[in-house]
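Participant: I would like the entire structure built from these sequences, with the hints used as guidance.
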Amino acid sequence: MLKYADDMVMLTESEEELNQVMREMDIALRQFNIKMNKRKTKVMVCSKKGQKEAAVYLDEQQFQNVESFCYLGSIITRDDKSGTEIRFRVLRRTDAKAGQYLKLVERVSNDKVLARIQEREETLWKYITKRRDTLIGHIVRHDGIMSTILEGVIKGKNAQGRPRLQYTPQTMQDMNCQTYQEFKRLAQNPYAWHTRLQATT
147 MLKYADDMVM LTESEEELNQ VMREMDIALR QFNIKMNKRK TKVMVCSKKG
197 QKEAAVYLDE QQFQNVESFC YLGSIITRDD KSGTEIRFRV LRRTDAKAGQ
247 YLKLVERVSN DKVLARIQER EETLWKYITK RRDTLIGHIV RHDGIMSTIL
297 EGVIKGKNAQ GRPRLQYTPQ TMQDMNCQTY QEFKRLAQNP YAWHTRLQAT
347 T
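Throughout, the working numbering is defined as the position within the sequence shown, counted from one, plus 146.
There is no bait here: all hints are sound.
The calculated lysine to any residue pairs, modelled on SDA-like cross-linking and capped at a C-alpha distance of 25 Å, are: (1) 186 with 226; (2) 186 with 208; (3) 181 with 204; (4) 276 with 288; (5) 276 with 324; (6) 227 with 215; (7) 272 with 343; (8) 149 with 230; (9) 149 with 297; (10) 272 with 232; (11) 227 with 189; (12) 149 with 214; (13) 194 with 217; (14) 276 with 337.
Think of the hints as simulated: they come from the structure by calculation, not from any bench.
Facilitator: Okay, here's the thing in structure tokens:
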């Protein structure tokens, strides 16, 4: 369960388990005279097996299945990709004059984009890489749920096709670390990490 104020996300591994969780949560809420908003409650299935919908009910009313939903300002999609979120953020930047004449379907090189926003000193890719590697170093350096998620392994077989790039192998390559042990030792020293980061980017 993910909770923030009155927004909650329930994560389960099966349709049956989700139905049970929803019933138990409804019983718990009623003890405090709180009713679940069935109209705002949505169901989204993320499955490699091709399942697109789940029959989840409460008081004989089925919750609506969706392909994406917004949680804490970020759009999460059924395919777990970031394309929709990126388009959403681009469209929301109404104050970005540099991008007001760019079409989302228009393919523009990094150099052309940087020329339009007058930031030629640093390539767009190096900027993104530096920000990403700084964040990863901070996460690895501090034990917590983010570090646990980053180091975790998901059970099951990989999907067909080329696997997606992962943060840790990319950052290890950026930081010239041959092993994960070397990578983690380096992250424990903020000065050494930032020195290596400046040298490689």
